[in-house]
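Colleague: This is what each chain is made of:
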Amino acid sequence: MSMLSTSTPSFAFLRSRWLGCPLALMLTSTWALAQDKRWGPGEPASDYGYRFGELFWLITTLVSVAFALVVVLLIVPMLRDRARPGHRASFDHGKSLHDKRLTAVISIITFIVLDAWVLVIAMKDLREAYWAIPAAKDPQTYKVEVLAQQWAWSFRAAGVDGEFGTPDDILTTNELVVPKDRPVSFNLTSKDVIHSLFLPEMRMKKDLNPGAINLAWFKPVVEGEFSILCAELCGFAHYQMFGKLRVLEQGQFNEWEAEASQLASTAFDADDTEGHWAWDWQE
Amino acid sequence: MRGISWQGLAVAFGALGLLTSLQTSEDENPHARAPRDVSLVVTEGAWLRAPGADWFAQRAKAEPGRFTHDATAAGGAGGWVDSHGEYSLSEIEGEWAYWQWASAERLTDGRQDFVQFCSSCHGLNGDGYGRSGQHLRPTPRSFQQNKFKFTKVTADLPSDEALLSVIKRGLAGTPMLPWDLSDVQLLDIIQYIKSLSPEESGWRDVYSQVGDAIEVTEDPWTDTKERAIVRGREIYHGAASCHLCHPGYVTNEELRVIRKDPEGTTYRENLTYPALKDSEYEVLGRATKVMPPDFTWHQMRAGTTTADLFQTIASGIKGTAMPQWKGAISDEDLWALAHYVENLIVSYKDQPAARSAFMGGLRVSGDNK
Ligand SMILES: [Cu+2]
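Chains as they are written, first to last, in the working numbering: chain D, 1 to 283; chain C, 1 to 369.
So here's chain D without its partners, still in its complex pose (with noise of 0.2 Å):
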């Protein structure tokens, strides 16, 4: 007799009713985290920030059924053919033809239904609104150019006079104020290290490379206080390296802008031309 008809081990405990109660204050505590701003991602507040919702709901909604279909699949012939008395355990590598053809399909399945689905949808969101960059030419476009650092943002915006590396531009650091329902556009590079501009309640992140210009967008749609980060590790500050993103209604906005533009041309010094770095704006 082998050790596998003698030891028998028990399976009573999932049939336990105890089992569910952790289960359950894990799903019901994930789910009331998540209803909370500081462990959810919070309500979008941009225009295209509703497509990342739907996209992380579609891949979660997806990934749990596939999970679940495969806990079930391991499971119950787990206990089906396991040992116990009177019962060898059975088992085979699944080295047969149909075993074979059998994995091939449900891969395949499995790789249409969630992979292609998922790429299907996120093309489309790649086309209509990552790579959708607003063009510069649009007066309603509001342009931004980020110079990021070791540990800090600096922002530049071209001021009333719409020109960039004028007297007026608009020099913020860790700050940016922006226009509600008007596209912000943003050129992106970096002094030093690799940095990345999350904006969370945006849905928009993107890197900043030393050397290079990269390009990103959103539309704000709701107005107030959000956050900027910094979601690349990028040195010892890095976890200090955040801002403030203030969106202001489109009066109020402009009188800010004639204010800000004002005390810049007040601030601005003709000699110091190693303080004025704004660059030719890319599309």
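Don't read these hints as lab results, they were simulated from the structure.
Worth double-checking, as some hints may not be accurate.
[Said to hold, decoys possible] Distance ranges between label pairs, derived from CB positions:
1) Gln144(C) - Ile59(D): 50 to 58 Å
2) Glu249(D) - Glu269(C): 26 to 34 Å
3) Gly361(C) - Asp269(D): 27 to 35 Å
4) Ala34(D) - Gly45(C): 53 to 61 Å
5) Ile213(D) - Arg227(C): 54 to 62 Å
6) Gly361(C) - Phe56(D): 47 to 55 Å
7) Ala34(D) - Val364(C): 32 to 40 Å
8) Gly45(C) - Asp271(D): 50 to 58 Å
9) Gly360(C) - Ala136(D): 38 to 46 Å
10) Lys277(C) - Ala278(D): 36 to 44 Å
11) Glu199(C) - Trp279(D): 27 to 35 Å
12) Gly361(C) - Glu249(D): 18 to 26 Å
[As the list claims (entries may be wrong)] Every beta carbon over 10 Å from chain C, so not counted as near; a handful from chain D, in silico:
13) Ser64
14) Ile112
15) Met123
C-beta atoms are modelled at their ideal positions from N, C-alpha and C, and glycine is treated no differently.
With chain D fixed as given, assemble chain C with the ligand onto it according to the hints.
Modeller: Frame of chain D; chain C with the ligand shown alone:
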């Protein structure tokens, strides 16, 4: 298979590598590229000017076994002697002064942390022109200049404690962060930074005084804040003439009444905007300009509580147009100024509607823009 010779490819790659390593690039800007031979070791220690007798008396209380008072020292004035040999009292050119010994090991520790944490902006030699500090305005401090903003110190030089609190608090609205390092690390960095100062800057000068941040005296206006704000407004536009550099928060006519000037007097153009000022802070040998803040708009660097504002106004900001006001006006008026400025910040900063109503009102009603 003929066609590709792997040996040939390897030789080609090797040659390419060799060529790249032989290529020398002469950069016009000496700071643009980090030098490859960065030494992390400081070989010589330094005697640096230490705080005075009061500080030693306090230290002696804290560590009774270590410091002993010698009545005959300092030409009979009496002085403290440190049994560890870290501090000393000595006579240079007939003047007695306290000195602090920064050993080569300590400066080396400071140098290593400086290179890791500070040099990206402040430069590998502390010249204020590191890779990440370029293009920044205001510029990062050059430690070769020995001028420190926002230490809130009125003495010639800031004490270790004063510098420590600047580094730990950071400068709001700039890339100078609140640094989250241990006190031991920070104090080592501070000794190293002081050793970068030029010979004549005071750290080796017996006559220079080392002081702590200015004392926060008792606020005489705690129960009469409204009156403090009215008084502060008068001092701001009157005795202290803050409106010469910072914005005036009054109309031309109101300013004339406050200053008791004859009718028809006009003041500087753009009275409700700040005026750009020269500073002593240099980048690559060129002094940069500094914009005095508009309290209803700009971020305060060194705190926005009444006590913070009191200290900043009282001590002034070294190397800029902001003078020391302690002694020039009474403490009561200093506190009134602090209350007035705090009120401007609380009422208007980041509140676009309230601010444009306030500033717009001054500009529309008046002869000033
Ligand atoms: Cu970063």
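Colleague: Now look at each hint and say whether the structure bears it out.
Modeller: How the hints compare with the structure:
Against the hinted window of 50 to 58 Å, the Cβ-Cβ separation of Gln144(C) and Ile59(D) comes to about 55 Å, which satisfies the hint. Under the hint 26 to 34 Å, the C-beta atoms of Glu249(D) and Glu269(C), about 32 Å apart, fit the expected range. At roughly 30 Å, the beta-carbon separation of Gly361(C) and Asp269(D) lies within the given 27 to 35 Å, and the hint holds. Here the CB-CB span from Ala34(D) to Gly45(C) is close to 58 Å, well matched to the stated 53 to 61 Å.
Checked against the given bound of 54 to 62 Å, the beta carbons of Ile213(D) and Arg227(C), roughly 55 Å apart, stay inside it. For Gly361(C) and Phe56(D), the Cβ-Cβ distance of about 48 Å falls inside the hinted range of 47 to 55 Å, so the restraint holds. One distance hint, 32 to 40 Å for the beta-carbon pair Ala34(D) and Val364(C), is violated here, with the actual separation near 50 Å. In this structure the hint that Gly45(C) and Asp271(D) lie 50 to 58 Å apart at CB is violated, the actual value being about 41 Å.
Distance hint for Gly360(C) and Ala136(D): a CB-CB separation of about 32 Å, inconsistent with the stated range 38 to 46 Å. Between Lys277(C) and Ala278(D) the beta carbons are some 24 Å apart, a value that contradicts the proposed interval 36 to 44 Å. Between Glu199(C) and Trp279(D) the CB atoms are about 41 Å apart, so this pair departs from the stated range of 27 to 35 Å. For Gly361(C) and Glu249(D), the hinted distance range of 18 to 26 Å is satisfied, since their beta carbons lie about 21 Å from each other.
The Cβ of Ser64(D) sits about 40 Å from the closest Cβ of chain C, beyond the 10 Å cut-off, so the non-interface label holds. With 10 Å as the threshold on Cβ separation, the claim that Ile112(D) sits away from chain C holds: the shortest Cβ distance comes to roughly 40 Å. For Met123(D), the requirement that its beta carbon stay farther than 10 Å from each beta carbon of chain C is met, with the minimum near 37 Å.
Violated hints, in rising order: 7, 8, 9, 10, 11; the structure is consistent with all others.
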